[in-house]
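K.L.:
Residue strings, one per chain:
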Amino acid sequence: MAGSRTKLALLLAPPLLLLVTFMLLPLLGLFRSSFFVGSGPIASGFSFEQYAKFLLDEYYLGVLAETIGIGLSSAVLSVLIGYPVGYSLARLPAEKRRRRLILVILPMTLSLVVVVFGWLVALGRNGLLNSILMGLGVIDSPGRFLFNRAAVLLVLVQQYLPFMILSVMSGVAQIDPVLEQAAANLRADRFTTFRRVILPLSIPGILSGFTLVFILSVSAFITPKLIGGSRVQMIGSLIYEQVLTVLNWPFSAAMSFVLLTLTLGLTALANTLLAVRFTADQGKKHASRRA
Amino acid sequence: MNKTPGTPAAQSLQSAQAGADSAEIVVFLADLRKSYGNFDAVKDFTLNIHKGELVCLLGPSGCGKTTTLRMIAGFIEPTSGRIEISGQDVSLLPPYKRDTGMVFQSYALFPHMSVEANVAFGLENLGIAPDKRKNRVLEMLQLVELEHLAGRYPKELSGGQQQRVALARALALHPAVLLLDEPFSNLDAQLRIRLREELRKLIGRVNITTIFVTHDQEEALMLSDRIVVMRNGGIEQIGTPEDIYENPGTRFVAEFIGNCSLLQGMVKDGVFTSETGLSIPAPGRKDGNCLLVLRPEYIRPASGKALGQRYAGLVESSDYYGSLTRIMLSVGRDSFLLEAHFPPGTRPRKGDRLELEIDPHGVRFVEA
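Those protein sequences? They're chains A and B, same order as listed.
Mapping of the first sequence onto the numbering used here: residues 321 to 611, in sequence order.
Mapping of the second sequence onto the numbering used here: residues -17 to 350, in sequence order.
This is chain B alone, in the form it adopts within the complex (with noise of 0.2 Å):
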């Protein structure tokens, strides 16, 4: 650690933060602010990202994250806070002196250069020596499995090689901190999803510091190390995938991350009760008004052994997914998610009664 950050916000958000040990700090964002006018687009952002980590910046539109990582490309000012990228304070530098690469999401290749120009292109503004510059570049087109369409131009490549020479381009002069924004959102459903394995290997393979920009709560879930998940500027819940989704923050955090259902109520004694009279087993959950949180995948059809308490239902909705079939169900007056796989024949219609039981292990609370 060869970083001390400068707020006391920084050092206890550092030692919550998962993986916060000896390794090192490539980006540092520390209280970064940006407003225009009486509006924060972000506001009270403070990270630490470790070297060869993948942090992804999650959120709806208009939540700040692009904002964020224009900040640290150098496109945008802040207005207040600090950014560092490998310890060195480059807030008030120019985009082309920080040490980033960047693949903007529509790619932004120079459609006047070939393939290989665009990824020459910065190796030259280094000053790199020719010979040592085409061997880096054919390196690159090799990484991205790129090097036969060397000579074409980017108007001639599909979208998803676009992307990969954007990505060649921005990994050739080897920066510290890759930046993604949004780089899936131009392809096609199919696409996105087999780019999306591609661009994991590739980025373990060169074992690079990335900071990912996206809307995606799946892109998020399944290619991170880390989420961090942002709201009207502002951080909301920072962790591992895992941990945003199986024990969600907040309500917004639930919510906004897979699927749940949400009931109102307040716990007592160990005992959480819904507005509607429902009472749920909560141990060790403090009195007081809290949101209980349930993922679909801890709310099952009740069948033989029972798990715990038992509660009737009737079916509200029943939609078929193939390997899975999705029920909303309403008990009383509050409605539950399930989402189960029924044999053939069995599956639950509108209209009809089921019993279901929650399994203790996935009961969450979040502030009300």
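This is chain A alone, in the form it adopts within the complex (with noise of 0.2 Å):
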């Protein structure tokens, strides 16, 4: 027992020590500067006077409420549009899904900056949907698509989609489609078979895609800089700046820890959503049951 340990023990070190050497720690040292007291790269002291200046400030907190926003947005309209690609994808004999799941994958192979450019090409004053409409005769001067939170929603979901494609396909492919034969002899009509067996079993596969595209969307900061420009801003383009244009590190790592708090905030809320549906469902069916 006490070698097996050992032997445990010696194959976990290398990755824990990468880990605590290169996360861990420049973490503990971010948290620690957010405490800091100045606005320099370089300060001391200990105080709250950052994130009271984050906290406290309307400007500040409208960035925040924006990101959530738009990281929510985001996540909602992923699964909209990822789930039945995700559904159908699951339910496809392995040749096709291999085939199909490359069109998938393909552009997270593409460099973000080089997406986030097409796009800029393609949305811009002279891009392929104003030089589109203007030859369909819908509009007489070009329009401006660039700038503004539905660019940057448009953006982002298109290239966190393949998260939640991904995600909904791994659940659902867990779903035995015989189930949805045993629900349609059941007297179930499509519908019925979709909310009663296939939406409730699909949760799982659904909660970690959405955490998943929830996560990447806040933190966001190439897209709604050059998407959204000075008029969509997000806490991530924010503490881009404040980190490489202002040099306030100090305030920077306090918005990071906000920003972290956030994100593992929502990942711990799914994890407790997911557990109480499983047991609120559980309780529901013996209340019905004494009633």
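Rather than coming from a laboratory, the hints here were simulated on the basis of the structure.
Each hint should be verified, as a subset may be incorrect.
[Unchecked claim] Simulated restraints on C-beta separations:
1. K114/B x P335/A: 55 to 63 Å
2. L173/B x L336/A: 43 to 51 Å
3. P76/B x P335/A: 49 to 57 Å
4. Y379/A x S88/B: 56 to 64 Å
5. N446/A x S88/B: 58 to 66 Å
[Stated by the list, open to error] Derived list of chain A stretches under chain B, where covered just means 3 residues or more per stretch with a C-beta under 8 Å from a C-beta of chain B:
6. 492 to 499
7. 508 to 517
Here a beta-carbon is modelled for each residue, glycine too, at the ideal position from N, C-alpha and C.
Starting from the two chains in their separate frames, assemble the complex, guided by the hints.
P.N.:
Written as structure tokens, this is what we have:
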């Protein structure tokens, strides 16, 4: 027993060492620096002034709200678009699924910068969308499709949709297709089968996809910066600015921890939701029997 | 009889069927066919099933029995032919509009629902009022003796319990016909035998028309009122278990169900002569080439008074099964299978000589 434990410790040591050295220690350092006094790259002391500056300022709270709003919208849109795709992929025979999966993953192989520039070209003043709309006579002069919330949302959804599709697919693949036949045999039409059998069993996949897309969206900084410009401010681009342009490292450290708390909080919430949903189902059934 | 079958084939088949009396026809299948490209998974399938009857579709894997069952349930659309349930043509109806209750091979219980909710699912879809629904669920769970597990989830149940829940769920809707797709194949041998007996009692108690798919001949012989032996998508023979076993219509049926000895030869003037020159009386059989089928019970070691002609053979193998010994015996170049009980110490061994006699009542012929 002691031998196997030693073996386990030895096997775990290298990755653990890597994580502690290059992730945990820097994170702790960052956490410490979020309590520094001052506004330069090098500071010292201990105070809550950085957090106070962020959390008591209407502008920064507005950016936080915008960030959460865009994160939620992007996750919801991804569910709506990604669920049917993920479901149909999961129900395809393995050979066909592999080929279509490549189409889903392909955009992820491109550098984010290339993707964003592609969108800039497509949505720009003399871009593809404007040329098409003007060619069709829908509009007379070029419209402005960039630098607004919708454009940011569009590009975020495009980038993170594969995560949703893959999550839903792996979730649905675990639902035995014979359950759909069993439901049909028990007089459930397709909609009832979906609502009462498929959807409840897909919840874990949907929830993990939702969490992933939300976290990726709220921490995005290239997309809001380039597509949203100065009109759409998200916390990620704000941190980026503070680190590289303003060089206010203590403040950016504090903002990073607000963001981290937000994402960790959502992950924890998703996990409890999952746990509650199953126990609630049980509780409801017991209650209905007593009634 | 409220149904007149559409095709002449159906009529002739129906009159040939055992028990085709005044009983109401619940399931009627006419010229059912399912083709995948050039391959016919099921073809020329015509069958009537009467109220309360337990009919078994029996055949080796790939014979089309499961495809037939799934066409009745509506999961597979037939290429041609007609399916009627309780006099209604359901050939084009989706599964949820057909009056069937199915127990799947894997049981297909909803993992996110309790036993109770699983059984209630179909009743809810039918729009049955909650208080009536509750009574029906309880009644069904009592029927399968699982009312104490109503709140459990499927993964907390044993295989046998899951099967009973699946059965309760299917029966709760009082379907016109119960469909069972190899319901015992996921259970170990001992449990299988016990549940088989339970299932027979249960189906007898609710007196429901049942179609049962299996590749296990023992299961079919023990459970069925009628057996439909299938091969390569077509019907090989329809009959009562006794019919099928005692009077196999073809070589395939003779070999697939039970054990037998087969002798190739021809009949002339009431005497069968095998290719190797062995002759066996065959009164009443028309002249011509044929195959002689002999079940092992009709061959016995010669003793005392002669029943008929005796044949001297050499024991090729002798396998002891407790209640009986299975012996392969060669007579000339023909071989016979014989099953008998020998008193302790008298069991023939390999290489022994043994005289056997054939009970003339057991001699059957099929087309060569």
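K.L.:
Each hint: holds or not?
P.N.:
So, going through the hints one by one against the coordinates:
The hint said 55 to 63 Å for the Cβ distance between K114/B and P335/A, and at roughly 60 Å that hint holds. A hinted range of 43 to 51 Å holds for the C-beta pair L173/B and L336/A, which are about 47 Å apart. Look at P76/B against P335/A: about 53 Å separates their beta carbons, and that is inside 49 to 57 Å. Hint check: Y379/A to S88/B, Cβ distance near 59 Å, so the stated range 56 to 64 Å holds.
Against the hinted window of 58 to 66 Å, the Cβ-Cβ separation of N446/A and S88/B comes to about 59 Å, which satisfies the hint. For the stretch 492 to 499 of chain A, the assignment as covered by chain B holds, since 3 residues bring a beta-carbon within under 8 Å of that chain's beta-carbons and 3 suffice. Evaluation of the coverage hint for the stretch 508 to 517 of chain A: fulfilled, as 5 residues show C-beta separations to chain B shorter than 8 Å, against a requirement of three.
Going through the hint list in order, the structure satisfies each hint without exception.
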